[in-house]
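Engineer: These are the residues of each chain, in order.
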Amino acid sequence: MGNVGTALTNLKTNFKSPSQRRQRLGLFFVLPAVIFTLVFFIIPLLITAWMSLFNWPLLGKHTFIGIENYVNMFSDKQFWSSLWFTTKYTIIVTPCIFILAFILAMLVNLPMRGVSLFRTAYFLPVVIGLGASSLLWVWLLNDRVGIFNRMLMDLQLIKQPVVWLGDINLAMITIVISIVWKTAGFAMILLLTGMQAIPESLYQAAMVDGAGFWAQLRFITLPLLRRTFALTLVISVIGSYLAFDQFYIMTRGGPFNQTITVVYWIYNNSFAYFKMGYGSALSIMLLVVLVLLSGLQLYLLRGEPDI
Amino acid sequence: MFRRIFIASSILLIAAFMLSACGPKATPTEVPAAAGQAANAPEASGDSTPAVTLTMWSRDSDQVLVESLVAAWNASHKNQIEVTIIPASDFVAKFGTAVAGGAAPDIIAIDLVYMPAFNAADQMTDITDMAKALPYFDKLSPSHIRLATYEDKIYALPFSAEASVLIYNKSLFKQAGLDPEKAPSNWDEIYQDAKKITALGDGNYGFYFSGGCAGCNAFTMLPLIWASGGDVLSADYSTATLTDPAVKATLEFYKKMWDEQLIPEGAKVDNGSDFFNAFQTNKIGMLGTGAFAISSLIANHPEIEYGIAPLPGQNGGTSSFAGGDEIGIPKGSKYVNEAFEFITWLYSEDVQLELYAKNSQLPVRTDLVENKYFEANPAMLTVANEMAVGRTPYSVKANELFNDYNGPWETMLQEAIFGGEVDKAINTAQENYTKILSQP
Amino acid sequence: MNTTVDSVQHFGKIRHRHAGTRKASYYIICSILAAMFIFPIFWSALTSIKPPLEASASPSTYFPTHLDWSNFKKLDEYGMGLWRYVFNSTIVALLTVFGSILLSTLAGYGFSRFNFPGKTFLFITILAALMIPFQSILTPLFIILGKLKLQNTLLGLSLVYITFQLPFGVFVMRNTFETIPRELEEAALLDGCSSFSVLHRVMLRLGIPGIVTVAIYAFLNSWNEFLAALIFMSSEKNFTLPILLVNVRNALYGQVDWGALQAGVTVTIIPCIIIFLLLQRYYLQGLMGGAVKG
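Residue numbers (the numbering used here), protein chains in the order written: chain A, 1 to 307; chain B, 1 to 440; chain C, 1 to 294.
It is worth saying that the hints were derived from the structure and are not from the lab.
Wrong hints could be hidden among the right ones.
Unchecked claim - Computed Cβ-Cβ distance ranges for the label pairs, DEER-style: (1) A:Tyr-70 - C:Trp-69: 53 to 61 angstroms; (2) A:Asn-169 - B:Asn-427: 21 to 29 angstroms; (3) A:Leu-31 - B:Ser-76: 51 to 59 angstroms; (4) C:Pro-64 - A:Asp-167: 17 to 25 angstroms; (5) A:Ala-205 - C:Leu-278: 30 to 38 angstroms; (6) A:Leu-46 - B:Pro-302: 52 to 60 angstroms; (7) A:Phe-219 - C:Thr-21: 24 to 32 angstroms; (8) A:Asn-169 - B:Phe-137: 38 to 46 angstroms.
Ideal Cβ positions, reconstructed from N, Cα and C, are used throughout, including at glycine.
Between the sequences and the hints, there should be enough to build the whole structure, so can you do that?
Structural biologist: See the structure below:
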């Protein structure tokens, strides 16, 4: 906070030259976004942090309890279990999304005819809402009315319908597939933006120098994609950590409560057990985890790409 | 080109902005309701008080009944009701947030098991005097009244009634060589009947239950425990009694049927949204269900021959879970009297018979249960009678104890029936129940 | 997959002998992938035009015996009818898209081209909004909307949506502007342009792919969002499409209407696909035009 204070003081006293004045203009450009963030994110966040210091039921009176919520968090087995599960899920799903997205981006980056058709096809699942997509998959995987079971049985690959969401491993696989299906297209588009910004001349020069496919990938594509890749990765990881809908809708946290993510646990605490104060504390903890995680990712992926 | 896009976007944007601002505000005002509802309100002769619009929230499982009631009220009354249907699973979240934000509606119709928690948190208007002044107050569904009472004050009244019963497929019974008029009256009979029906093959199964739905199984399994002389909570609802032998017996009964594959595999993951679809495929022998089943079969599957019987205990005896929604007036509503007028209207004989009974909905007045519509549809009579004697657990922790998909009740069912570890499941649940009950 | 790798590797040096099979294998691979991506959606759309009994048949049927629009009609029978909710969703989506583009472009420009004190701090603050789920701040947000007299308004909902689009939007626009060489800008400034008109004339044109990305994402998120829409709207007339779909699905207890679900999914997807196809043109143009012209 002191940083901003000093900065503001500097603003007032040190701006003399036109170029410095011009730099200050930047503040006005970012101001609208900052105001929105302040009103609709920072202030609610501060209220949430404030609520985390209370025993604050969803309905009824609240009482101040200081950091008791945070202390209780440490002995909350489900919280740690959820954190671990969410991490595991993120570790599994992120590479799947990225590898597929990268392959797709490479495929549609070629100047072939019909490429825009393929691009649209790969992007299609992205346009469905996550809730609707989860229900779609519940339906597809259903043992009575789902088409997957029907097709597998008709192909004689299974004898009876499989209850996909009833077994932890099958459930995880199918949920991961459904999420990869739904998000790879978007990651593809983001990577594509980055790829398209790389000048063709670099590849041509490399080929003249005798660089093959993998060398081009390693020395041109990947380094120049670093910024885009970082953005996409951070967003993807955060999204996975905040996963809720798919587990709420597809497995309801089961089987045997093994698929309860952190946000699911926050939701349960706040709205099913009416413990909003504790839910708020969990939220703050999650935020801290994500800020650290994102910072780590951006730090590891920092570096100016030189074109 | 840019210029054109810019101008077009600006126009669109301004239009959108202005249109969006045309939304009604949260708090009820004295402006006429939206088009379509106000159009039908006749002028009350000689009455100079302005018409008010009341806001009412109801969950989606009830929407057909609620919409018909509100439409009938709006067509014949000056005061209008604007009803909003909310997905059941998010109802409490929405209500809680609304209360915190000062935007609670005038009337809510809420699952009765939530009443104790709402009342303990002082969220509802005290309507004790108005309720007791109703002429047929003692005929109203006893379970609803009990759940709506907190520290001797009444905060809600019955809105819709439900009771759990056993539904069985008469044609499957016939096919399996069973007497279609003889419903099973104890667990062994259920088991034997289920076995014979499953033996028919061709995708037929003897029994079904939603393996992934906490509330559904409270609705249909607690009566089995009760009829066998046990309970999961003590008589004053303050102690957990999951170690009661009736509980273990019930779990083992279901487990036996599951192990012998008398229940479809998919039941394991059914979170309560598909179980009646299963029955309506005409391939399920028996199922625990409620009155809603009857109206659905009449409307959508008249070809299914079904029978209704009370849920039996291990060796006979019957019991039922009396459920349904209560209607109440959240605290802070400006229109308590007007809202109560609506509630009173609901209980008029005309409404109870023509809008409830005629549409195969249970009347909430026990004195109107015997009526001409139910004479023609005796299954409804069975359910109604069960409701009158049905039990309902009373707890401010009802949501955590019975409705929570990840809570001890559902976990116990899953671990015992699907995981096969009955004793461990019971002990874990008993511990967790005790923990929950000991929290303030 | 090796075939693809090989085909791409040799692409630059066109070997006419192998060009035919390389091309063919490319198209086959791409088509198989496309089929996998499209199939669930295609299947949903197909089911939505089946008669309701067939839509929930067990085991599942393949093709409809005849075309039946009952599932779609059902969408119109609940609440205030389908079109009201489509209208609400459209308003919210439009406001969110424009607001997101406006704020993200301005802020992206500011962060990319200017160096002011507190820059990093503000950037991180805006980004942090990504890291909190709606569930956590629903109640405080609702209270704040109340104080601003924006409860139960589409405008209020849109403003909230815009705020949560900002992390992605600002990040994308900043990245986009970073790739535009400063020489262009400096030339314009030397010619006497103000910073604002530099943004308007120079950067915007070259920042199209970024803007389109922001627009698409903003549209999709606001069109499909369920929880905030449900919680912040107190009356049915302000509900958006996702809420209607849940109510239609769950109309009857214990009997999820599979046919209506598919109809809902199909109806929801169509505008999104149209938007994507429309914007894709500009996107492609922008990409081909090149943010870096050397």
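Engineer: If any of the earlier hints don't hold here, list their numbers in rising order.
Structural biologist: As far as the earlier hints go, 4, 8 are violated by this structure, in ascending order.
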